[in-house]
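Colleague: Read off the chains here:
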Amino acid sequence: MAQNTKFCGSAEQMAKLHAIIEEYRSVPGCLMHILQEAQAIFGYLPIEVQTVIADGLGLSLSDVYGVVTFYSQFSLQPKGKNRISVCLGTACYVKGSEKILNEVEKELSIKCGECTEDGLFSIDSCRCVGACGLAPVMMINEDVYGKLTPDMVKGILERYRKEEETKE
Amino acid sequence: MTLQELDAIRNTKKAIIDVRRTVREQGEKLASLTRYRKQVLVCGGTGCTSSHSMKVIEQLERSLHELGITDVLVVKTGCFGLCALGPIMIVYPEGAFYAQMTPEHVETVVRNHLVKGGSIVKELLYSGTVTKDGEIIPFAETPFYKKQLRIALRNCGVIAPEDIEEAIAAGDYAALEKVLTSMTPDDVINEMLASGLRGRGGAGFPTGRKWAFAKASQNDVKYVCCNADEGDPGAFMDRSVLEGDPHCVLEAMAIAGYAIGSHYGFIYVRAEYPVAVKRLQIAIDQAHKYGLLGKDILGTGFDFDVEIRLGAGAFVCGEETALMRSIEGHRGEPRPRPPFPAVKGLFDKPTILNNVETWANVNPIIMNGAAWFSSIGTPTSTGTKVFALGGKITNVGLVEVPMGTTLREIVEEIGGGIPNGKKFKAAQTGGPSGGCIPASHIDTPIDYDSLLAIGSMMGSGGMIILDEDTCMVDIAKFYLEFTADESCGKCTPCRIGTKRLLQLLTKITEGKGEHEDIKKIEELAEHMHQSSLCALGQSAPNPILSTLRYFREEYEEHIDKKLCRAKVCKALLSYSIDPTKCKGCTLCARNCPVKAISGSIKQPHVIDRTKCVKCGLCIENCKFGAIDRK
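Chains A and B supply the protein sequences, listed in that same order. With the numbering used here, the residue at position 80 of the first sequence is 80, and numbering never jumps. With the numbering used here, the residue at position 354 of the second sequence is 354, and numbering never jumps.
FYI, nobody ran anything at the bench for these hints, they're computed from the structure. Worth double-checking, as some hints may not be accurate.
As the list claims (entries may be wrong) - Each computed DSS-like pair below joins lysine-lysine, with the alpha-carbon atoms no more than 27 Å apart:
1) B:Lys-499 <-> A:Lys-99
2) B:Lys-499 <-> B:Lys-623
3) B:Lys-614 <-> A:Lys-106
4) B:Lys-614 <-> A:Lys-99
5) A:Lys-99 <-> B:Lys-14
6) B:Lys-422 <-> B:Lys-611
7) A:Lys-99 <-> B:Lys-611
8) B:Lys-14 <-> B:Lys-422
9) B:Lys-55 <-> A:Lys-167
10) B:Lys-146 <-> B:Lys-14
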């Protein structure tokens, strides 16, 4: 998992990170929690951030990197402004969630795990958000879209594009 | 808080809660004893909030306010179980079950039903609660609920999980009180042993024995852990308990702490469950405020505290030693046992780890006694089991049934059968570690031993119903993709074995299978079972082995005849147009992404199979059913 984007964290973000490390460093097993907080601050965990955490906790960078790459929630790559997550849990799978994922990929011309060039969308698959009653399901940020059919995908993505345009 | 204060809370709110447990005449009578003429419960579980139940609550409060109605109580609860019909709203004392509510429907219900002298709006009720003759029955008497026995889920969908006083009034913390004031640690463990309760996380180890081992371990510090890393895709039992009744878990952990001599607990929750995490934190904070966690609980001198730790998306962390490594802040890799966690667990201290649903059974066992609990279910699998019923079934949702209930009862009666007139093919239990129960075994009683005997396992409670449109080779491949992806990589049999099994299955579904592949699969599966380090690798071949056992002919068809009878495996399909049905409307040709369809207007079209990518768009677009898929 190579990092291909230049890291540009602000001084303010870094200050926040240092405060988090200071607050939790004496708690046993705090690394996971600090990584979760750090990802919330920066949106992802580039090597630069991992180095700061490793130094702050007196760990080697390889220890931190080992933990980051073990858990699927931690990302070495920045995510899109709108994070799409298509559920591929069993209940969704037997109800055709793969078709939904294909449609999203086709619509955005990127593959699962990637981010669009304009940074507006990224696609991931996930295992069960627990809304099996609504299968197949996808999430965009915190919003859940259920009982999906492939032809609904375009309209849903369009909403987020429009939202972005009106902001600008 | 003192024991008297706890009693006072219980007495003040008890009648309000009891209204929600009784319907018809008794319900009316009870309601008249409270200050609320009616109570409206709206599901705030993940299933219903995903279908926008929060908008329903907002509208409800707005409409009640506009009409100046003040004697109707609105409660945001956990899951009612019938997730497919969300958002759900139940009105007591009638037990009127409104399904698939929208803000407009809410307005109608408020104006016609919730106003003084109003009556139930029949058209908006869940159709299952209206008989053929138009008579309305309380939801508790419908097939979905009637066959269920709710012990672990006793308070889910009954109380407001964010209000500790409702939890107390519904019975939470009564068992902790009983244990701290009238039982010795040995009494508690003996009660758990006698109840026969077995771990609900999947392995089914007797809970009382686990506690007894940890009690026997001498150490200054011991830990009590809760496994809420519910990773099986399609399973949401633990989430529903945490969202609907988080206090029952805290209480049970404190009871275990008292029994084994521990003063600290950790709850390891999936980060993918934000609602559960939030409600747990609220519950912990409230329990502190009310003196039910922390120092000197209920003035008995017993100290116990609990902390939440979030997972970060690793299925293997459901394995006990991996989970503990993760809490310690490391890669969640399992380690060989012994030493068992009861001797050397979290931070090398004696530790017990139980699953959420196991914890949820502790209060009823302490309150009603081991004899009562062991009278439910079967002799070797006592009590009930919660299942997350999903897939091709009408009533998708959460069900709790006594152990020993047959699969037929769950599928046909509680589940309401298979939708769209399709045939039941199999039920998958136990997720990626489990197997399939075919239609020929539909009368198997669901308990730990019967399921093992037919090559599946109880697992944590995911139950996915498959119909004739599901390809059994494809579903086995789906699970292997999952385990290959989630294998932690520490031991070779699992790391390489899952990859190789997946390759073999992919080869078969792509029409390149050879006959000896089945033999290779069986050999490799046996090796993985024997030599993998943890349950993930040992049980990863189960989905293949059980489908091979019951659906071997489907594997053979894929290999010998290059045929997928469920028409799922793309590479084995071929498309053609029936010239007698084709009207030449050109719709298929225009929608074909690779221009594989040709023909003139009003003339039958043809598909060029060398170009066809088998996407199926032509079938979706054809209005005359002229396209065949074989």
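Colleague: Work down the list of hints and note, for each, if the structure agrees.
Modeller: Now the hints, each set against the structure:
1. B:Lys-499 <-> A:Lys-99: holds (24 Å)
2. B:Lys-499 <-> B:Lys-623: violated (42 Å)
3. B:Lys-614 <-> A:Lys-106: Given that 27 Å is the threshold and the Cα spacing comes to 16 Å, the pair holds.
4. B:Lys-614 <-> A:Lys-99: Judged against 27 Å, a Cα distance of about 13 Å means the pair holds.
5. A:Lys-99 <-> B:Lys-14: violated (50 Å)
6. B:Lys-422 <-> B:Lys-611: The hint is violated at about 32 Å.
7. A:Lys-99 <-> B:Lys-611: With Cα atoms ~20 Å apart, A:Lys-99 and B:Lys-611 stay inside 27 Å; holds.
8. B:Lys-14 <-> B:Lys-422: violated (46 Å)
9. B:Lys-55 <-> A:Lys-167: Judged against 27 Å, a Cα distance of about 25 Å means the pair holds.
10. B:Lys-146 <-> B:Lys-14: At roughly 24 Å apart (the allowed maximum being 27 Å), B:Lys-14 and B:Lys-146 satisfy the hint.
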